[in-house]
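Once you have looked at the hints, place chain R on chain U.
So you can see what is in the structure, the chains are spelled out below.
2 protein chains.
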Amino acid sequence: MKMLINTPESVVTDALRGMAAAHPDLVVDVENRVIVRRDAPVSGKVGLVSGGGSGHEPLHGGFVGAGMLDAVCPGAVFTSPVPDQMVRAATAVDSGAGVLFVVKNYTGDVLNFRMAAELAEDEGVQVATVVVDDDVAVTDSLHTAGRRGTGGTLFVEKIAGAAAAEGAPLDRVAGLARQVVESSRSFGVALSSCTTPAKGGPMFDLPAGELELGVGIHGEPGRERRPMMTAGEIADYAVDAVLTDLRPRHPVLLLVNGMGGTPLLELYGFGAEVHRVLGERDVPVARTLVGNYVTSLDMAGCSVTLCQADEELLRLWDAPVRTPALRWGC
Amino acid sequence: MKMLINTPESVVTDALRGMAAAHPDLVVDVENRVIVRRDAPVSGKVGLVSGGGSGHEPLHGGFVGAGMLDAVCPGAVFTSPVPDQMVRAATAVDSGAGVLFVVKNYTGDVLNFRMAAELAEDEGVQVATVVVDDDVAVTDSLHTAGRRGTGGTLFVEKIAGAAAAEGAPLDRVAGLARQVVESSRSFGVALSSCTTPAKGGPMFDLPAGELELGVGIHGEPGRERRPMMTAGEIADYAVDAVLTDLRPRHPVLLLVNGMGGTPLLELYGFGAEVHRVLGERDVPVARTLVGNYVTSLDMAGCSVTLCQADEELLRLWDAPVRTPALRWGC
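Protein sequence lines, in the order shown, are assigned to chains U and R.
Under full-length UniProt numbering, think of the first position of the first sequence as 1, with each following residue one higher.
Under full-length UniProt numbering, think of the first position of the second sequence as 1, with each following residue one higher.
Please keep in mind that the hints were generated in silico from the structure rather than gathered at the bench.
Nothing here was measured: the structure is a model prediction, and the numbers come from that model.
Careful: at least some of the hints might be erroneous.
Put simply, identical chains are the same to the list, so a pair is met inside one copy or across any two.
Claimed, not checked - Straight line, CA to CA, 20 Å or less: simulated EDC-like cross-link-like pairs of lysine to aspartate or glutamate: (1) K2 / E233; (2) K2 / D205; (3) K2 / E224; (4) K2 / D236; (5) K199 / E9; (6) K199 / E210; (7) K2 / E210.
Chain U on its own, in the form it takes in the complex:
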């Protein structure tokens, strides 16, 4: 499998050099693998820190900036960052108002962020943590106790980031983040495996003519494999899985997410089918985002995330944001 890389070992370092070159609003510590917004710490503001294994770009580094995250620490591909990175990030962004860790629910990430929280508290940083577990496909998985964290992370980081930007205190920002977690559900589908740089080939075998329903963002197995389905059939299955778990009482924010290898032309067609199903199920859609946001390297496939949004969440979603991958209103 051909890749646009120098060496498998340098992939993350090279990408960080590229982030530094492309985004002067960010300070990228390539050696220590921490990306921080240039104007951090912002006086009086709660700091938002996230991170996780690389390979899901633009998550998380593409979400650093005004109105969203203050810092992230990328690990090796599909590997948790280490506590030292997280402590560096926390101390870099803490203005005295405290720091919120946004953690996707994978065992390594949860353990390392927990250790980092203790170390940061030792250095005088007040830390709150929210764990994102929005993927309804399976309970317990290859790297996870409980549900996996996937597309809902984008909604948590945007909405909590907006609240922090408005000056909300740490308990309020953390409370909103937890509300978004409780309000968000996702379901993903793989049409192909992804290719990891270290392996240089497919991460898992998916026979020609089959798809994996409920796949994780590291190629973790889902609920079942079936013969290939149409976009409409996939939308029926994915939306049903989500709505079996979440009956929205408010209009939803909809993320039609690409896993990295599926063309935008196809994602929009899939998005049309998701809208059709939501219409049939009487779920009004307040906002729609279509694109590659929470990816799995070059995996072909997609995921659907719904977040039921009351007026306050919708207002915070619409609030200005200025990051490499999400930008509006400023």
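Relative to chain U, chain R alone:
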């Protein structure tokens, strides 16, 4: 090859339904295949119209909105739209100030936009046309007399769109668009073929372990095939090809573009190498954009576009834009 589609025949129609559902700022005429910004025609403003074969998303439909294009007409995959679509688009956006057609240099597009210009003039719309031919890889190609139009189109549409938004008259908008064409050069590389829905398999054969240097955005052959190269070697080759043709007298706008199937993690690493080469060649970079903007379905690969930007072009590049795929300042 598995695709996230309903049928090969419905791919473009389904994507247009998805655009309509996701973007309330746009009016999508699915039957006639025209996308128009909802507030068109904007009083006193020159209208910008583009279009071409589908399969290059977000180009062009993702660039419709305030500060960029007023309307686009997507053709079938890798197939020119027809004059009737272009005339509909032109008459929908003409406020009386005239319309600029932005046309990528492929024979079918050029002929059809020429015919459409005549038909629109018959209906009282003043039309100017700019043809984009920024790809330095080859002269004359499968579907092209002269050079192909690729990544430079994004710079033309953004900068001319900003000038039109400021109220510049048609001759000024067209003149700026031509200046951007003259100031822009691109070079593309394929690591894999793309898969067209109609064929359901690879569009061309690229042996394992080889890459195509100078590929077009429809899989057209480039300059040569070589054994697989590193990201650094590809950056050396691509930037050298561009700078052999363009010696910038001003800082450049840099587009590090993905062809659709290459992960963003790899694109950023490639962007770091492009910055390295430009530094070695003493070419200052004013702005960098990294992502999938001018794609070729699921092709793995990348392209580099430079646009030398004097102060006026840079100011217009930075001006507010609000489209599905490019958005800042508003």
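Checked hints:
| no. | hint | verdict |
| --- | --- | --- |
| 1 | K2 / E233 | between (32 Å within a copy, 14 Å between copies) |
| 2 | K2 / D205 | both (18 Å within a copy, 14 Å between copies) |
| 3 | K2 / E224 | between (29 Å within a copy, 17 Å between copies) |
| 4 | K2 / D236 | between (34 Å within a copy, 18 Å between copies) |
| 5 | K199 / E9 | within (11 Å within a copy, 37 Å between copies) |
| 6 | K199 / E210 | between (23 Å within a copy, 19 Å between copies) |
| 7 | K2 / E210 | between (23 Å within a copy, 8 Å between copies) |
Violated hints are absent here; each numbered hint is respected by the structure.
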